[in-house]
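Between the sequences and the hints, there should be enough to build the whole structure, so can you do that?
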Amino acid sequence: MRVTPTLVSGLIAGLFLLSSVTPSPAAAAEMPEIEKRDWSFDGIFGSFDRTAQQRGYQVYNELCSGCHGLRLLTYRNLAALGYDEDDIKAFAAEYEVTDGPDEEGEMYQREALPSDHFVSPFANTNAARAANNGALPPDLSLIVKARKNGADYIYALLTGYGDTPDGRELPDGMYYNAAFPGHQIAMPQPLDDDAVEYADGTPATVNQMASDLTTFLAWTASPEMEARKLLGLKVMLFLLVFTAMLAAIKRKVWSRLH
Amino acid sequence: MSTHPVVKWIDERLPVFTFLNHELRDYPTPRNLNYWWNFGSIAGIVLVVLIGTGVMLAMQYTPHVNYAFDSVERIMRDVNYGWLLRYLHSNGVSMFFIAVYIHLFRGLYFGSYKSPREILWAMGVIILLLMMATAFMGYVLPWGQMSFWGATVITNLFSAIPLVGEEIVNWLWGGYSIGNPTLTRFYALHYLFPFLIFAVVFLHLVALHTVKSNNPLGIDATGPQDTIPFHPYYTAKDFFGFGVFFLVYLGFVFYAPDFFGEPDNYIPANPLATPPHIVPEWYFLPFYAILRAVPDIEVFGFVLITAKLAGVILMFGSILILFFLPWLDFSKVRSSRFRPIFKQFFWIFFADCLLLGWVGANPPEGFFVILGRIGTAFYFAYFIVIIPLIAYFEKPRPLPESISAEVLGGKEGGKS
Amino acid sequence: MTVKAQDAGSGGDDETRRDFLLLTTSIVGTAGVALSTWPFIDSMNPAADVLALSTTEVDLSSVEVGQSITVVWRGTPVFVRHRTEQEITAARAVDISTLRDPVPDEDREIKPEWLVLVGICPHLGCIPLGQKSGQPRGQWGGWFCPCHGSQFDTSGRIRKGPSPTNLVVPPYKFTDETSILIG
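As given, the protein sequences belong to chains A, B and C, one line each in that order. For reference, each letter of the first sequence is one residue, going 1 to 258 in my numbering. For reference, each letter of the second sequence is one residue, going 1 to 416 in my numbering. For reference, each letter of the third sequence is one residue, going 1 to 183 in my numbering.
Mixed in with the good hints, there may be bad ones.
What the hints assert, rightly or not - Distance windows between CB atoms, simulated:
| no. | chain 1 | residue 1 | chain 2 | residue 2 | range |
| --- | --- | --- | --- | --- | --- |
| 1 | B | E167 | A | G182 | 34 to 44 angstroms |
| 2 | C | V28 | B | Y101 | 25 to 35 angstroms |
| 3 | B | L192 | A | R251 | 40 to 50 angstroms |
| 4 | B | E401 | C | T24 | 50 to 60 angstroms |
| 5 | A | E106 | B | M59 | 30 to 40 angstroms |
| 6 | B | Y176 | A | N126 | 18 to 28 angstroms |
No wet-lab data here; the hints were simulated from the structure. Cβ atoms here follow ideal geometry from the backbone N, Cα and C, with glycine treated the same way.
In structure tokens, the structure reads:
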């Protein structure tokens with residue numbers, strides 16, 4: 001059998017597929033199965049659902065921002081969610097940032113501007129740990145890209161709370177979560193039915209809030225995604241046509257030989 | 001064109017046009033090269049893209065432990081097309097290694113390392129070593145968890161060197177652990193090395209043009225009937241190859257830009273928290289497996305060579321052994337097409353490399369340990385034992401008369 | 001059969017078709033290469049965070065008559081002076097033709113009592129004195145550049161010294177009665 005590039009490419013592709021299906025045995029004990037979900041931002045034509053993003057932002061603000069920062073985002077980035085300049089200015093002004101030093105050499109507080117980064121709830125990681133029994137609530141700007149299985153995992157985590165299975169002892173301050181590796185997490189369940197009243201009237205079930213929040217966080221991690229996929233479409237179409245032309249030239253040139 | 005007065009004026013003073021004509025137009029190339037021969041030029045063009053995107057990224061990156069991670073995120077979020085430059089660069093590295101590994105395996109299969117191409121081959125191995133150093137240092141720059149801890153693990157290996165190990169490591173680090181001095185020096189060297197690669201690629205091409213290209217039959221061209229001019233045949237074929245390659249490359253860039261990456265590297269480096277599984281980038285995995293495969297080498301209960309030192313020696317040895325291949329494989333026949341036994345073992349070796357890669361991706365526990373040891377043992381046995389034995393005992397198939405006889409004789413009729 | 005580069009095309013219809021294909025492919029390819037240079041070039045343009053800081057809002061309500069404040073706009077100092085009646089009169093009483101850089105005072109501000117100027121001397125880039133009380137303002141009561149002695153009047157115009165032109169008026173507008181947006 002002749003080994004052609006097609007054969008080997010197929011082999012390699014097959015291996016990649018295999019690697020995504022076979023779990024690594026040693027890790028399987030602590031890595032729970034994460035259910036694959038359909039997200040509006042999946043796939044070649046994926047996009048962020050604006051209304052879901054806005055609801056997710058509301059959930060973040062009301063339920064998460066007390067412990068989790070979003071420091072890589074600036075308030076002006078919210079324009080991508082559809083908010084206008086005045087809304088954003090007003091929203092930023094609710095927060096205070098440290099600026100300075102002033103003429104006397106003192107640091108001072110001022111209202112946040114749209115150009116400022118989101119103000120984190122704690123001044124530094126030590127303060128965060130001190131306020132949370134030694135646990136560090138991670139900044140959420142990149143969380144969807146910083147975890148294996150990304151958005152699926154975040155959703156599974158948010159909806160994975162439940163009664164501790166029989167026979168399992170959890171240390172004080174830990175909670176059972178079906179999705180978290182090791183199954184014990186220091187964060188208590190953050191979402192409860194109707195914990196938030198959605199402006200658009202959507203019922204705020206735990207699953208709904210988890211889905212909206214995950215959509216919002218997928219955007220904070222990859223704000224360039226829609227522009228990326230749009231440019232990608234143009235580039236790939238161009239390349240397909242152009243490569244076909246190059247193929248035609250190659251064939252024409254080589255037909256000269258005998 | 002060649003008689004245009006301006007061209008003539010320049011060429012009389014600096015023979016660029018004569019040079020280009022000779023090396024890129026008239027250069028006699030075997031007429032039977034297949035698509036496995038496209039990967040050299042593909043590697044070349046990826047190198048150019050990496051240098052181009054790298055320089056643009058360097059304009060926006062801050063090489064300081066307090067700012068590095070955030071400067072990369074600024075590139076991704078605020079710099080116009082910053083996300084594109086970053087993803088072109090990170091995925092370009094993976095494409096570069098894919099192209100170079102295929103290019104290398106092509107060389108193994110068709111005996112491109114044999115006389116008179118020993119130095120051509122050696123230049124290639126040097127390029128591979130420089131690539132690995134460059135990629136290793138580049139991965140540290142975003143200062144994520146994997147950047148920091150991968151660098152810690154690999155630089156710590158040098159402490160295995162007897163007597164001076166500790167001092168060497170502190171010298172590498174510029175301190176007592178990976179820190180800001182390490183980051184800044186890696187940045188300087190990461191910017192420098194690609195230009196060294198460029199220089200060795202130039203030498204690689206000079207060597208190639210001196211001994212001329214090998215071909216799938218592994219037999220020398222006997223005259224002009226066996227070769228065709230590089231232009232337009234291989235320029236056209238190479239451009240087509242670029243098209244297909246860029247489709248794959250940009251497919252990743254636009255639609256799966258983090259496919260080759262590690263989620264942990266989106267967490268800022270924390271010297272006080274080790275990630276549960278430290279894994280290098282995929283192109284280092286087989287070497288990572290070899291590194292971890294060896295236990296302490298004991299003689300009468302006394303540790304002669306620590307597992308760490310043995311692992312380091314074997315890891316570097318696994319690449320350095322490639323230099324000796326032209327002498328380990330002393331068979332006069334080049335191409336696996338006429339070497340049935342060699343061909344079989346080649347494929348087993350290829351599978352072994354994939355196996356080692358898979359072992360490297362997993363924690364060194366359970367049956368991965370034994371797999372790693374078998375894989376490593378076979379890897380070295382292949383070069384040191386199997387290849388010389390095959391060269392001695394194998395009866396190769398009869399070689400064709402000539403390239404043109406084979407190509408025009410209808411066997412491969414017009415197939416490219 | 002020997003094949004030379006020049007021979008790699010023989011006559012007739014085929015060649016015309018291939019030339020056309022070659023021509024269109026070359027054009028498309030060149031266009032593609034040209035388009036792909038744009039991200040590289042554009043990445044050097046001011047990034048989103050720099051653009052976000054390209055305007056500065058200034059609240060004028062606490063600036064008393066006769067007082068000057070200095071704000072930062074695009075990384076450079078901007079002088080905002082709440083002019084007194086005398087300063088305005090003095091600025092307008094000048095015979096324009098005697099000025100090195102002749103501009104009537106009326107053209108240099110939106111409201112006569114508010115003067116907004118980039119605080120960089122057009123000569124060689126030093127920051128002129130005159131913003132704080134006690135600092136020299138030069139004989140025309142405006143600003144005095146300590147580096148080479150340029151003196152500016154109460155309209156920020158060059159009167160004496162090496163500066164070839166007046167202090168620059170940056171683009172600004174009043175967003176309401178007591179606030180301006182510079183840039």
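A quick look at each hint next to the structure:
no.	hint	in the structure
1	B/E167 / A/G182: 34 to 44 angstroms	holds (40 angstroms)
2	C/V28 / B/Y101: 25 to 35 angstroms	holds (31 angstroms)
3	B/L192 / A/R251: 40 to 50 angstroms	holds (43 angstroms)
4	B/E401 / C/T24: 50 to 60 angstroms	violated (42 angstroms)
5	A/E106 / B/M59: 30 to 40 angstroms	holds (35 angstroms)
6	B/Y176 / A/N126: 18 to 28 angstroms	holds (23 angstroms)
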